[in-house]
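2 protein chains.
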Amino acid sequence: MYYLGVDLGGTNIAVGLVNEKGELLHKESIPTIRERNYEEILKDLANLCIKIIKDNNLEVKDIESIGVGSPGTCDSKEGVIVYSNNIAFENTPLRKEIQKYIDLPVFLENDANCAALGESVRGAAYGYKDSITITLGTGIGGGVLINGKILSGAFFGGGELGHHVIVSGGEQCTCGRKGCWEAYASATALIRDTKIAALRYPLSKISEEVNGDFNLISAKTVFDVAEKGDKVATEVIDKYLSYIAEGVANMLNIFQPEIIVIGGGVCAQGEKILLPIEAHVKKLSYGGELKTKMAIAKLGNDAGIIGAAMLGLN
Amino acid sequence: MYYLGVDLGGTNIAVGLVNEKGELLHKESIPTIRERNYEEILKDLANLCIKIIKDNNLEVKDIESIGVGSPGTCDSKEGVIVYSNNIAFENTPLRKEIQKYIDLPVFLENDANCAALGESVRGAAYGYKDSITITLGTGIGGGVLINGKILSGAFFGGGELGHHVIVSGGEQCTCGRKGCWEAYASATALIRDTKIAALRYPLSKISEEVNGDFNLISAKTVFDVAEKGDKVATEVIDKYLSYIAEGVANMLNIFQPEIIVIGGGVCAQGEKILLPIEAHVKKLSYGGELKTKMAIAKLGNDAGIIGAAMLGLN
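Chains A and B supply the protein sequences, listed in that same order.
Take 1 as the starting number for the first sequence in the numbering used here and just add one per residue.
Take 1 as the starting number for the second sequence in the numbering used here and just add one per residue.
Hints listed in this document are in silico derivations from the structure and should not be mistaken for laboratory results.
One or more of the hints may lead you astray.
Because identical chains share one entry, a pair is satisfied inside a single copy or across any pair of copies.
Stated by the list, open to error - DSS-like, lysine-lysine: derived pairs with alpha carbons at most 30 Å apart: (1) Lys77 to Lys283; (2) Lys96 to Lys291; (3) Lys149 to Lys21; (4) Lys61 to Lys149; (5) Lys51 to Lys228; (6) Lys228 to Lys54; (7) Lys61 to Lys178; (8) Lys43 to Lys205; (9) Lys27 to Lys54; (10) Lys77 to Lys293.
Kindly produce the complete structure, drawing on both the sequences and the hints.
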């Protein structure tokens with residue numbers, strides 16, 4: 001039996017064909033063109049599903065279900081996207097709309113939760129029942145699995161790990177609060193802090209690295225500059241990793257999962273960030289003992305597709 | 001059928017007879033005398049259980065199980081208190097020890113988790129499957145119920161809600177970290193901040209209230225002084241309630257339970273603290289919308305006994 005998994009993003013809609021082991025057999029994507037109304041977007045989504053079924057010489061009856069991971073608050077029971085500021089969805093009846101075109105069960109879940117499920121099915125959290133996957137990107141996405149089940153909250157707004165305050169009254173967060181973990185440990189925060197450091201320490205090599213064009217500063221920049229021996233860049237990274245660790249240590253005291261997986265673009269740095277984060281977290285742990293394993297995500301963007309597909313099994 | 005619930009505290013051991021509805025029919029307590037070795041303490045505990053069975057004209061076969069709530073990390077699977085700094089227990093085989101004296105199933109769980117279960121069975125969280133009960137006392141105890149089940153973490157160290165940092169690098173916490181919620185929102189923190197305010201503002205009426213004897217300052221003092229119109233006291237309370245709200249808002253974004261119950265001595269203030277906390281939390285909530293209900297705990301110290309007894313049903 002096969003499953004279709006959809007990563008419904010602000011830029012692209014990616015659909016994958018997945019088998020019951022969570023193996024991604026085929027994937028394709030189309031632009032979301034998010035300015036359109038939801039009917040048009042979801043019609044394209046459904047048609048891409050139909051195309052993939054055909055291209056793989058399958059029929060609708062060979063497919064168990066379609067799972068969709070979407071940004072925002074998703075009512076997984078009703079199959080309705082309650083709210084997403086990434087795509088202008090509000091009370092969007094996703095399940096009903098997709099089923100206009102294709103007669104299959106449709107599951108819906110928040111995209112960060114899907115990524116967590118994907119990592120647990122075939123990625124870094126494989127084999128663990130209690131896991132947390134955090135994705136350090138534009139924001140911080142978080143997905144919590146307890147005994148293999150997604151924690152989505154009583155009203156589908158739980159698992160928003162990036163929006164817990166670690167610095168009361170601190171940096172402004174997009175959610176309206178001040179000092180959220182996301183405002184310190186997302187890639188966006190790292191870029192902001194890299195720029196601030198470049199302004200404060202003009203002799204650092206950060207500015208030189210981008211020929212003085214701050215628009216070119218990415219999350220990678222500060223790592224490249226540190227590699228060249230720049231002390232300011234090293235300090236920015238140290239501070240950044242300590243903020244990641246502060247939030248991770250909070251998650252350990254709150255959930256104590258078997259494993260915490262760190263994903264997102266920043267993770268291209270691999271052990272270079274994992275080891276210092278782990279060392280920090282260990283220092284912050286009660287008695288200096290760290291029972292929870294820590295790992296870098298394995299599946300990249302495929303995690304969301306695989307996880308969405310596996311909603312049919314979850 | 002009946003259940004015995006035990007609240008094994010640093011000062012007293014309280015045992016209650018509870019029916020299957022969670023009604024507390026009879027309770028009795030004895031001093032813990034925690035300097036003793038665990039064998040003596042648990043022998044007393046078992047004997048009190050036997051006494052209560054007899055005093056109620058029951059027999060051991062009328063009792064379904066004994067549930068024990070203990071401070072510290074409790075391996076509920078093995079029935080072993082892994083570590084508690086409140087009573088000097090370390091790898092204490094509680095279940096085995098109690099069963100030397102009384103042939104019944106023995107369940108063990110962290111005391112804050114028992115209090116949460118108690119509030120959900122007969123208290124403020126009655127009727128809700130997803131609830132969090134926080135107890136503001138010497139520290140902050142937290143218990144999380146998801147779909148009616150206690151969240152205890154993969155290695156029985158989860159649910160330590162008081163030890164999530166809300167002010168990175170802030171006040172020293174007993175756990176070793178700096179800036180934990182407990183270091184800002186426990187009764188201990190309130191007493192510290194009341195004393196600091198009295199020192200900084202000698203014209204405030206705080207010092208007068210205790211005739212200059214700082215040892216007499218309790219969590220209640222600042223509320224009594226504020227009642228008399230003292231501005232400094234009012235500011236201490238406002239700040240304190242905002243810290244409670246900061247942590248509560250974090251819990252909402254992380255778990256989004258149906259209800260959050262606030263317990264502990266400070267809650268004697270009732271709506272006087274609940275309403276401002278609720279208003280604060282609402283302001284901190286995404287879109288200013290608060291779906292989760294908030295309430296003051298109903299069962300006081302009985303919550304732990306009732307919850308422990310109900311471990312046999314959970």
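### Query
Which hints, by number, does the structure contradict?
Hints 5, 6, 7, 8 not satisfied by this model.
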